[in-house]
Amino acid sequence: MGPDPILMEIFRITRNAWGQETLEGISWDLLPIAAALGVAIIIGHLAWRALRRKRPRP
Amino acid sequence: MNPPVQTASDRITRHAPIDRIFHWLTAIAVLLLMGSAFLPIVGWKFSWVPLHWITGLVLTVAVLFHFVRSTIFRRLRCMVVWPRDFGDALKGRLAAKYTLAQKLMHAGLGTAVTVATVTGVIMLAKVDTPLWTRNPYLLEASTWGVVYVLHGASALVCLTLTMAHIYFSLLPEKRAYLRAMIGGQMSRAEAAEFHDPKRWSGQRKDDPHENHP
Chain A
1 MGPDPILMEI FRITRNAWGQ ETLEGISWDL LPIAAALGVA IIIGHLAWRA LRRKRPRP
Chain B
1 MNPPVQTASD RITRHAPIDR IFHWLTAIAV LLLMGSAFLP IVGWKFSWVP LHWITGLVLT
61 VAVLFHFVRS TIFRRLRCMV VWPRDFGDAL KGRLAAKYTL AQKLMHAGLG TAVTVATVTG
121 VIMLAKVDTP LWTRNPYLLE ASTWGVVYVL HGASALVCLT LTMAHIYFSL LPEKRAYLRA
181 MIGGQMSRAE AAEFHDPKRW SGQRKDDPHE NHP
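Residue numbers (this note's numbering), protein chains in the order written: chain A, 1 to 58; chain B, 1 to 213.
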């Protein structure tokens with residue numbers, strides 16, 4: 001049985017010469033997700049900022 | 001009509017020269033470290049290891065310096081996120097020297113950089129350099145895995161938060177902070193927009209006036 005497929009998406013796991021699973025690090029598939037999260041923060045803040053400016057001040 | 005002339009007393013000091021040098025040195029180091037780590041992953045192949053470990057050493061020295069300076073020689077409490085900061089932000093009260101958003105960004109990016117630095121120093125044992133010989137057997141294989149995971153995860157957090165940090169610094173309404181990080185000062189009017197003069201006067205000797213529990 002291989003490693004858990006969900007774990008494989010978060011971590012890099014390899015097998016050594018004796019068939020033992022070895023943790024190699026974080027999965028680099030997460031790199032675009034981290035960048036996308038940064039873009040989401042920027043777009044989210046720009047949208048919030050635009051809405052706040054349109055709202056009349058009391 | 002001529003614009004009002006700003007006098008020297010209209011300006012207050014936000015960042016000492018040594019803190020600005022630390023900030024920009026750390027910024028360059030973090031950008032170089034992320035570039036040398038992530039560009040090879042996305043397909044830009046180059047000899048990234050020497051650039052990465054040498055820049056990592058520079059960042060380690062800078063982080064150690066900042067840690068000692070801010071905990072022993074400066075008032076650490078002015079950067080700590082207190083429950084009161086959330087109340088102030090929710091009620092629209094002006095902040096002391098640092099706003100809640102600034103404190104949270106510092107806490108997040110500071111933690112990520114610290115974790116990346118500590119794990120990076122451990123990982124130096126796997127690199128052959130003119131200064132030391134590699135020792136890959138320093139830790140068990142499973143422990144190395146945990147070190148790699150922490151290093152990679154903190155690097156990804158650094159990427160997200162650095163993007164946000166640069167974006168916020170470029171916003172027109174926050175440009176005074178960027179100018180203060182370059183030149184050290186901001187006007188009293190700019191400071192008064194987000195900071196309570198009674199809690200942060202901009203006087204180096206008595207800044208900030210924070211009464212925390």
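Hints in this document: simulated from the structure, not taken from any laboratory.
Mixed in with the good hints, there may be bad ones.
Unchecked claim - Listed next, the in silico DSSO-like pairs over lysine-lysine satisfying Cα-Cα at most 30 Å (straight line):
#, chain 1, residue 1, chain 2, residue 2
1, A, 54, B, 91
2, B, 126, B, 198
3, A, 54, B, 126
4, A, 54, B, 103
5, B, 198, B, 45
6, B, 103, B, 45
7, B, 103, B, 91
8, B, 126, B, 91
9, B, 174, B, 45
What the hints assert, rightly or not - Some, not all, of what chain A presents toward chain B, calculated at C-beta under 8 Å:
#, residue
10, 11
11, 22
12, 31
Here the structure is a predicted model, which is why all the values come from computation and not from measurement.
Beta carbons are placed, not taken as given, at the ideal position from N, Cα and C, and that holds for glycine.
Evaluation of the provided hints:
For the hint linking residue 54 of chain A to residue 91 of chain B, the alpha-carbon distance of about 21 Å falls within 30 Å, and the restraint holds. Between residue 126 of chain B and residue 198 of chain B the CA atoms are separated by roughly 52 Å; this puts the pair beyond 30 Å, and the hint is violated. Restraint check for residue 54 of chain A and residue 126 of chain B: not satisfied, since their Cα atoms lie roughly 55 Å apart, outside the 30 Å limit. Simply put, residue 54 of chain A and residue 103 of chain B have alpha-carbon atoms about 28 Å apart, close enough for the 30 Å limit, and the pair holds.
Distance check on the hinted pair: residue 198 of chain B and residue 45 of chain B sit about 54 Å apart at the alpha-carbon level, beyond 30 Å; violated. Between the alpha carbons of residue 103 of chain B and residue 45 of chain B the distance comes to roughly 37 Å, so the proposed pair goes past 30 Å and is violated. Of the supplied pair hints, the one linking residue 103 of chain B and residue 91 of chain B holds, its CA atoms being roughly 17 Å apart against a limit of 30 Å. As the CA atoms of residue 126 of chain B and residue 91 of chain B are separated by approximately 51 Å, the hinted pair breaks the 30 Å bound.
With a C-alpha separation of about 37 Å, the suggested pair residue 174 of chain B and residue 45 of chain B falls outside the 30 Å cut-off, and the hint is violated. Look at residue 11 of chain A: its Cβ gets to within about 6 Å of chain B, closer than 8 Å, so that hint holds up. Using the Cβ-Cβ criterion of 8 Å, the hint placing residue 22 of chain A at the interface with chain B is satisfied: the shortest such distance is roughly 6 Å. Residue-level restraint check for residue 31 of chain A holds (minimum Cβ-Cβ distance to chain B is 6 Å; threshold 8 Å).
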